[in-house]
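Listed in order, the protein sequences are those of chains A and B. Per my numbering: the first sequence = residues 19 to 124. Per my numbering: the second sequence = residues 4 to 273.
By construction, these hints were calculated from the structure, which means they are not laboratory data. Treat the hints with care, since some could be wrong.
[Stated by the list, open to error] Below 20 angstroms or equal to it, Euclidean Cα-Cα: the simulated SDA-like pairs (lysine to any residue) are:
1. 110(A) x 61(A)
2. 113(A) x 267(B)
3. 24(A) x 267(B)
4. 53(A) x 53(B)
[What the hints assert, rightly or not] Pair ranges (Cβ atoms, derived):
5. 85(A) x 43(B): 53 to 61 angstroms
6. 177(B) x 113(A): 16 to 24 angstroms
7. 236(B) x 53(A): 41 to 49 angstroms
8. 43(B) x 53(A): 31 to 39 angstroms
9. 158(B) x 53(A): 30 to 38 angstroms
[Said to hold, decoys possible] With the Cβ distance kept under 8 angstroms, some of the chain A side facing chain B (calculated, not the full set):
10. 21
11. 39
12. 50
13. 52
14. 55
15. 72
16. 75
17. 82
18. 86
19. 88
20. 92
21. 94
Positions of the beta carbon are idealized from the N, C-alpha and C atoms, including for glycine.
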Amino acid sequence: MAEPMKIRATLQGDTADVRVLMLHPMETGQRRDGKGEIVPLHYIQSVLVTHNGKAVLDAQWSQAVSRNPFLGIRVKGARVGDKISVTWVDNKGDKRTDEATVAAAS
Amino acid sequence: MPMMRGRTAAFLLASFTACGTALAQGKPEGGLEVGRQMLAEDNPGELWVQRGERLFHEQRGPKNASLEQCDFGMGPGRLEGAFARLPRYFSDSGKVEDMESRLLKCMVELQGVDRGAIIRARFSNLDRASDMEALATFVASRSNGMKMDVRLEHPREREMYKAGEYLFFRRTGPTDFACVSCHGEDGKRIRLQDLPNMTERKQIQTVVAGWPAYRGTHSTVRTMQHRLYDCNWQMRLPDLGFASDVSIALTSYLNYQGNGAAIQVPGVRR
């Protein structure tokens, strides 16, 4: 089951600094488990970030991205209270969407 | 001439090598510090706090119960500041216990989970997550911002502290190592990893205030029980039993020595 992401979005000027932590095994298909059998490929394939429903990042990832990935982006023209939503889909069809609100810089 | 040049090159190379060795004896390069800083800003360990919180309140195990009645010394279900006072004496078990042994007891008694099964899955690996690691991180994080405050009021607590102090300084095992062999003076390290000098209060405080911690090389959060288990292994001693008296004695000693440290969990480690 997909675990929730942790999303932090803080406004800096007119730009939202968005930082996303995801929990995912990101298996490369090369590792062997304790029994010596290859662990099948299991990785996040696509990541979609939207700002108030409008796509601002649509990324295709590969197994080269690390376990428990971190994603940082800056969204221009954001305001306090805007909704930032992040969705990932992995190669097994598992997906997860989480949302955060842009907060004022502390 | 070409020969001369070769010789100069060889000489230069030699002096660089000597230089490199000299450097390697001192502090590792600042790059590590930068990496650590970056990890701390967006600590993946936060995800374990989230997961631990969910597991804590969820009804699980054969008895279909949550851990909300678990007593960490501040009364059932009261987590705020509990970690800061552990290890401490519990009259219900008649023992001095740390956070993990308390969690273990609650999972067995409240939820009816098999003790052996919890202990086998106490540390996660790449194939399986550990509930214990997530729960411990969550419980400890409820003391964030508070100061470590182990009081040793009960005679059993003082006994455990004394035992921990003895273990910390006693050389043992095939390599004749004690904790203090590596953690007794400044500037020691294993490979590139700096070792804290735990005979100095400031340094021991950074240790006890930052576990459980997200370990980059393990891609997971580890608890103090794992840290001690790993140290034990590095000294080539027999496996340290999970939540054993030895581990709790050492934790009592370390946490008391680190009293006053501002708790910030999860920490970040290599």
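We went through each hint and held it up to the structure:
1. 110(A) x 61(A): holds, 8 angstroms
2. 113(A) x 267(B): With Cα atoms ~32 angstroms apart, residue 113(A) and residue 267(B) exceed 20 angstroms; violated.
3. 24(A) x 267(B): Answer holds: residue 24(A) to residue 267(B) is near 18 angstroms, not above 20 angstroms.
4. 53(A) x 53(B): violated, 31 angstroms
5. 85(A) x 43(B): 53 to 61 angstroms: violated, 18 angstroms
6. 177(B) x 113(A): 16 to 24 angstroms: Cβ of residue 177(B) to Cβ of residue 113(A): about 51 angstroms, so the range 16 to 24 angstroms is violated.
7. 236(B) x 53(A): 41 to 49 angstroms: violated, 23 angstroms
8. 43(B) x 53(A): 31 to 39 angstroms: The hint (31 to 39 angstroms, Cβ to Cβ) holds, given that residue 43(B) and residue 53(A) are roughly 36 angstroms apart.
9. 158(B) x 53(A): 30 to 38 angstroms: violated, 49 angstroms
10. 21: holds, 6 angstroms
11. 39: holds, 5 angstroms
12. 50: This interface hint is violated because 10 angstroms lies over the 8 angstroms limit.
13. 52: Where the cut-off is 8 angstroms and the nearest Cβ of chain B is about 7 angstroms from residue 52(A), the hint holds.
14. 55: Hint on residue 55(A): violated, closest Cβ of chain B at ~11 angstroms, above 8 angstroms.
15. 72: Hint violated; residue 72(A) Cβ to chain B Cβ min 25 angstroms, cut 8 angstroms.
16. 75: Interface hint status for residue 75(A): violated (17 angstroms vs cutoff 8 angstroms).
17. 82: With a closest approach of 15 angstroms, the residue 82(A) hint is violated.
18. 86: holds, 5 angstroms
19. 88: Result: holds, 6 angstroms to nearest chain B Cβ.
20. 92: Where the cut-off is 8 angstroms and the nearest Cβ of chain B is about 14 angstroms from residue 92(A), the hint is violated.
21. 94: Violated - the Cβ of residue 94(A) stays beyond 8 angstroms from chain B, reaching only about 21 angstroms at its closest.
Hint check: violations occur at hints 2, 4, 5, 6, 7, 9, 12, 14, 15, 16, 17, 20 and 21; the rest are consistent with the structure.
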